[in-house]
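S.K.: Construct the entire structure; sequences and hints are all you get.
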Amino acid sequence: MKRILRKTIPSLLVLASLGQSVFAADEKKPERALDLQYGKVLFEFYQQRYYGALTDISIGELRNNITHHGDHPQVLKGGMLLSYGMVDEARRIFENLLEGKVTPEVRNQAWFYLGKVYYQMRKWENAKSSFQRVDRELLEDSDSELLEEYFYLQGQTALGLEDLNAAEEFLQPLPKDSYWRAYLDYNLALNQRKAGDLDAALRRLASVSAPTPQDEDDPNEFYALSDRISLTTGVLRMEQNDYAGAMTEFRKVRINGPWSDQALFGYALAASNSGEFGLAIQSLQTLSSKQAANPIIQESHFAIGYVYEQLGQKVKALNAYANAVTQYQESLRLLETNIAELDEDRLFDSLEFGGDPELHITRLDDDNIRVDEYGRLDVRPATYSLAHLVAQEEFQRVLKELRELTLLQNTLNEWLRKVDSFDVMIDTRKIAREERIRETREKMTSLDADRIRAQRDALAQVIAEGETAGDGAYFLTEDQLGYKAIIERSRRTIELMRQDPDWAEDVPEYEEKLRRMEGFLNWTVSEEFPQRLWEAKQELAALDTALKEYSLRSVRINNLIAKSESLETLEQRVDSAKPRLQELSDQVRRALTRAKTTVSDMARDELLRQRDQVNYYMTSAKLARTRLSDELLDGEGGGL
90 MKRILRKTIP SLLVLASLGQ SVFAADEKKP ERALDLQYGK VLFEFYQQRY
140 YGALTDISIG ELRNNITHHG DHPQVLKGGM LLSYGMVDEA RRIFENLLEG
190 KVTPEVRNQA WFYLGKVYYQ MRKWENAKSS FQRVDRELLE DSDSELLEEY
240 FYLQGQTALG LEDLNAAEEF LQPLPKDSYW RAYLDYNLAL NQRKAGDLDA
290 ALRRLASVSA PTPQDEDDPN EFYALSDRIS LTTGVLRMEQ NDYAGAMTEF
340 RKVRINGPWS DQALFGYALA ASNSGEFGLA IQSLQTLSSK QAANPIIQES
390 HFAIGYVYEQ LGQKVKALNA YANAVTQYQE SLRLLETNIA ELDEDRLFDS
440 LEFGGDPELH ITRLDDDNIR VDEYGRLDVR PATYSLAHLV AQEEFQRVLK
490 ELRELTLLQN TLNEWLRKVD SFDVMIDTRK IAREERIRET REKMTSLDAD
540 RIRAQRDALA QVIAEGETAG DGAYFLTEDQ LGYKAIIERS RRTIELMRQD
590 PDWAEDVPEY EEKLRRMEGF LNWTVSEEFP QRLWEAKQEL AALDTALKEY
640 SLRSVRINNL IAKSESLETL EQRVDSAKPR LQELSDQVRR ALTRAKTTVS
690 DMARDELLRQ RDQVNYYMTS AKLARTRLSD ELLDGEGGGL
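Quick note on my numbering: the sequence shown kicks off at 90 and runs consecutively.
Simulated from the structure, these hints should not be mistaken for lab results. A hint or two may mislead.
Stated by the list, open to error - Label pairs and their calculated CB-CB ranges:
#1 Ala284 <-> Gln209: 35 to 41 Å
#2 Ala480 <-> Asp438: 32 to 38 Å
#3 Ala480 <-> Glu150: 37 to 43 Å
#4 Pro347 <-> Thr687: 23 to 29 Å
#5 Arg683 <-> Asp266: 41 to 47 Å
#6 Leu697 <-> Asn457: 31 to 37 Å
#7 Glu258 <-> Gln399: 46 to 52 Å
#8 Asp455 <-> Thr708: 18 to 24 Å
Nothing here was measured: the structure is a model prediction, and the numbers come from that model. Note that CB positions come from ideal geometry on N, CA and C, so glycine has one too.
M.R.: Given below as structure tokens:
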């Protein structure tokens, strides 16, 4: 069955990754995920990290950033929920899809998976009704192997309804080399036997054969199915008292296969019933030599004594019963020890999870554990005492739930650690922000923006007036201003001299000197006007730069204050997240405790059941030993 589970990853999930059926016929279909968030979903899905994929889909729904793939993300979500065993949640998704306006392909897939939901819930009528709404031709266009699974599920549903004729009809379209056909055909035979038609069941089993494995297939499935067919045929032959035929079928079962113990015991029973006690003894001795807690092996110890009794060899029978008692006492000792010491760690040490063959995986959250697309774990018992337990669907369900709860707990613990680190980050940012605000305010204070702005405006006015007038007098240097002041004083002095008779005759001479001085000044100012105008504009630009820096620092201050508000918002979110995360963590921890208790109780109940069974065998062996001892003491014993 592993081959089927491996090769039938639901085609709707593949279609979901491509976004097919979302576009009209004349539109180009995408060949990759068109939304980054959906790409993350698909990456997690194909890594078999379904919890992460479901989380990313939920985030995408919350942020509304998965918009280019139509309804396929919902189909994908429903399929993953179904793999988690969350059949009610998956059912609601598929029913909502069917109520909406969706493409024919999505509707077809929704009916198929809704039928599968009801199939897993063993609601046969609902499953039948849903499967009948599936368009076979449309499903075949999507994926031929999915169509094979569809016929198989239809057949299994018919068997659930005890409608063998309908199951036969769904068997016919399946290819001869299909494992789906082989399993459905085999199950049909079992149901025919259940209905009391042994002849029909045997005829069907004779025609059932496991498909020859291809290069990429695991041959173990081929051998296991072949062994199971031979074993079942042997059992049915025995029910018809065809012991020779039964022995022939039991001999076909591999000695190193998973059904070898049942085949050896069945062979011994058939041989004993046909009077071939020697062959029965050989088979039982081979079986009893195995060191395992297999109930069949336990029963073989007692059966050896019984067969010797049938041969009339009571001494050997007595020894066999005595040996059986010893074996049962040792088994009971081991069982009592295992029951007393049973805890979670010992239980998982007794389980082997599939993955890297070089690793001994005992942690449920190990990424190397293989799971199928239905979320079932690849797990095997390291000891036979747990084989019956591991084979139970309920144990598999609880184990899967325990794994997912463990993964969820790990995620919540990681987020709780992140929340603590957010506190440190926020405090660090607060300190850095306050320091930047302080430094920026100090620099803004040192700039004296009002004084600079007044200087800038005055200088800009001077430049504008001077440039318009073309007069260099607007841009006199300090030396030139001093020289101009001397000229003005000299002019006033000459006016005083003009009014004084003693100096009046010298006035023309001084006026000529003053004229030459003033002419030199005007000539110099005129020559230096372009240079002085350029320098003034440079000074104006420097003042503008200073004011711009002040403005930028003002903006920075405002931004820092705004960031302070956003940090406070983030801090509030972090503070509010802590109790929510802690509450979720507590809920998951309680659920984990319940699941662990359930698993441990199931294991303990299984060991107690085995203890009661071994006690029954030991009591029977002791009674037989006592009875034979009495017979031998009374002189009625047989030969050696």
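S.K.: All the hints need checking, so say for each whether the structure fits it.
M.R.: Taking the hints in turn, this is what the structure says about them:
For Ala284 paired with Gln209, a C-beta distance near 25 Å fails the hint of 35 to 41 Å. At roughly 19 Å, the beta carbons of Ala480 and Asp438 sit outside the given window of 32 to 38 Å. Hint check: Ala480 to Glu150, Cβ distance near 38 Å, so the stated range 37 to 43 Å holds. At about 27 Å, the CB distance of Pro347 to Thr687 agrees with the hint of 23 to 29 Å.
Here the CB-CB span from Arg683 to Asp266 is close to 46 Å, well matched to the stated 41 to 47 Å. Between Leu697 and Asn457 the beta carbons are some 33 Å apart, a value that agrees with the proposed interval 31 to 37 Å. Hint check: Glu258 to Gln399, Cβ distance near 48 Å, so the stated range 46 to 52 Å holds. Remark: the range hint 18 to 24 Å for Asp455 to Thr708 is contradicted by a beta-carbon distance near 43 Å.
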